[in-house]
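Protein chains: 2
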Amino acid sequence: MVATARKNRGPVVDCDIHNAVWPGALDPYLAKRWRRHGQLFGSRTHPGSLYPKGSPAAARHDAWPPSGRPPGGDLEFMRKQHLDPEGIEYGILNCLGPAGTQLNAEYSSALCRAVNEWQIAEWLEKEPRLRAGVAVPYEDAELAVKEIDRFADHPGFVQVLLIVRTAEPLGRRKYWKIYEAAERNNLPVGIHFGGGARGVPITASGWPSYYIEDHTDMAQAFQAHVVSLVCEGVFERFPGLRVVLIEGGFAWLPSLMWRLDKHWKRLKEEVPHLKRRPSDYIREHMWVTTQPIEEPHNPRHLLQVLDHLGGSDRVMFSTDYPHWDYDDPDRAFRVRLPEEDRRRIFAGNAKALYGLR
Amino acid sequence: MVATARKNRGPVVDCDIHNAVWPGALDPYLAKRWRRHGQLFGSRTHPGSLYPKGSPAAARHDAWPPSGRPPGGDLEFMRKQHLDPEGIEYGILNCLGPAGTQLNAEYSSALCRAVNEWQIAEWLEKEPRLRAGVAVPYEDAELAVKEIDRFADHPGFVQVLLIVRTAEPLGRRKYWKIYEAAERNNLPVGIHFGGGARGVPITASGWPSYYIEDHTDMAQAFQAHVVSLVCEGVFERFPGLRVVLIEGGFAWLPSLMWRLDKHWKRLKEEVPHLKRRPSDYIREHMWVTTQPIEEPHNPRHLLQVLDHLGGSDRVMFSTDYPHWDYDDPDRAFRVRLPEEDRRRIFAGNAKALYGLR
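The listed protein sequences derive, respectively, from chains A and B. Here this note's numbering runs 681 ahead of the position in the first sequence, where the first position is 1. Here this note's numbering runs 681 ahead of the position in the second sequence, where the first position is 1.
FYI, nobody ran anything at the bench for these hints, they're computed from the structure. Some clues are possibly wrong.
Since the list gives no way to pick one copy over another, a pair counts as held whenever it fits inside one copy or between any two copies.
As the list claims (entries may be wrong) - Lysine-lysine pairs mimicking DSBU-like chemistry, simulated, CA-CA at most 30 Å apart:
#1 K1032 with K946
#2 K1032 with K858
#3 K858 with K956
#4 K807 with K761
#5 K761 with K946
In isolation and in its complexed conformation, chain A is listed as follows (with noise of 0.2 Å):
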């Protein structure tokens, strides 16, 4: 049955895998002074939106290993449960947690690098299937520029990993240095659900009270940096960057690039470095991935969606696994998709953007 599914299905690249640290995973990276600071004083980060207490790790409840290990935290697991009888040609991982996003700037670059390095050791070089973002600390752009180049080389790295929670709107200067490397480095960035602003409220009128809102207003930090990244002209200044919005939806960019064209319209004299529409530079630098994909009450709607977006070429298919909120390839759709456009949107886009060959 579920041979038959992906038999049907042809290749799926999953823009959207969490690996997961487990307990001790980094001790071997981490040099002695900063093992001992996180014995000492562990990790200090601004809190984001908190998983409910019923979902420990944000996991499925079936995706906790038999070994112990953390949902994501157990390779062999996940081949198991979701690369071998999902039929994933390749997947991306995302890992999340407190690398990046430690007030501690030396600590974070320090825990990114040993981030990275368990990657490389117990992911890529272990399963051909993955690739892995590079985690930076990506509050302290010099900082962060130091991982990417010491780790753009290898090749199952093939993006900088941030966090859509950052404390300032992305396309602001503070940032900057982080785009250049990437450019140079020929690595796309990859904005991913989640972070915690360093205390900015999550919604433009404070703190909502249920997860289920912090959940749903999450996309509203894609937004505002899409309207930041395009209006601080950062596409002008490194034409060759590449942005992917992960975990974010797609239904809402339609609306938001007619709003943002409407105003500049009127407004362009105060973003003069812009030299084309906004949604121009949305449409040539900007990917996302589905999940959690949105679910038009009428499901034909969203083939409309689609084509209000310009077409499907900036779409690529995602589960979250192991996350509770998991998409599933074969139910993710809940329409029929044109097959030129379900091939691009389930490997043709990734492979391209990401390399895949």
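Based on these hints, arrange chain B on the given structure of chain A.
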């Protein structure tokens, strides 16, 4: 030419006109104690989205009345420039300004009362086409209720007016007494673009650099309130409550309904007070005004957006006169609307909602 356009178009209800308080206008309606307070201490609020220097009062350059009053501050000029030539059958006044958002709650209360009395004397009793929203000190629900109950009986007041950048998401309990009073008085609650949110940044990742960003990101504040009002169960608690989203656009609403419904299916145990799908509450209890209307690259896609919304019965035309980003009734829709939709959007929906005859 204008007359022809108007005739072809039929009657228009403009759901967003801004009347402006001219210097000294409120003095006759303020107790000496508060006039003195204003002279000595002035307005103390958190600034929100600051309008560009080149557009004082955020106004169209041609909207400055010869009388020297601010744009929107001269009824006779408003009649000549807007109400008469555009064939406005009814216009809903949303008086912006610092009255409702003063940090000093009692001063806020006094200013709102003065604004409301001034609106009766200078606008509602002088021009039968105009209706208004009750200004309220919205961060203190008990004081807001006093203003609602004081003015609700006047036939010129047709809604309670809030600003979108509040200190907390509007579903939270601190605002519930406002909804109880609005429901009891059979007044919709309008939520208008703007405000300072007591210092909360407008994005989930801090402050953007440009006005065009602020202006575009404001849609996110509306999104957060939709999510909050639904998830907190406000519409279960106040089943007669009607909410109008003013100057937030609307093309983003379908994707938000889809996203929220999808999350609710898996997270409904967190919000057991919800008896129906989130989108069911939105469809039943929420209205939107059109300006700044999103302009799809292919104008026909706007008809698909209306379809995604579930129809045109909650969409109400607005111009935002006299502000710079005014939508012209003859040019706002770049696609020919089916006749029934046109009549609803330009007049019927607003007449039904606000009880205009």
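Tested hints:
no.	hint	result
1	K1032 with K946	neither (35 Å within a copy, 33 Å between copies)
2	K1032 with K858	within (26 Å within a copy, 55 Å between copies)
3	K858 with K956	within (22 Å within a copy, 49 Å between copies)
4	K807 with K761	within (15 Å within a copy, 76 Å between copies)
5	K761 with K946	between (53 Å within a copy, 28 Å between copies)
Hint check: a violation occurs at hint 1 only; the rest are consistent with the structure.
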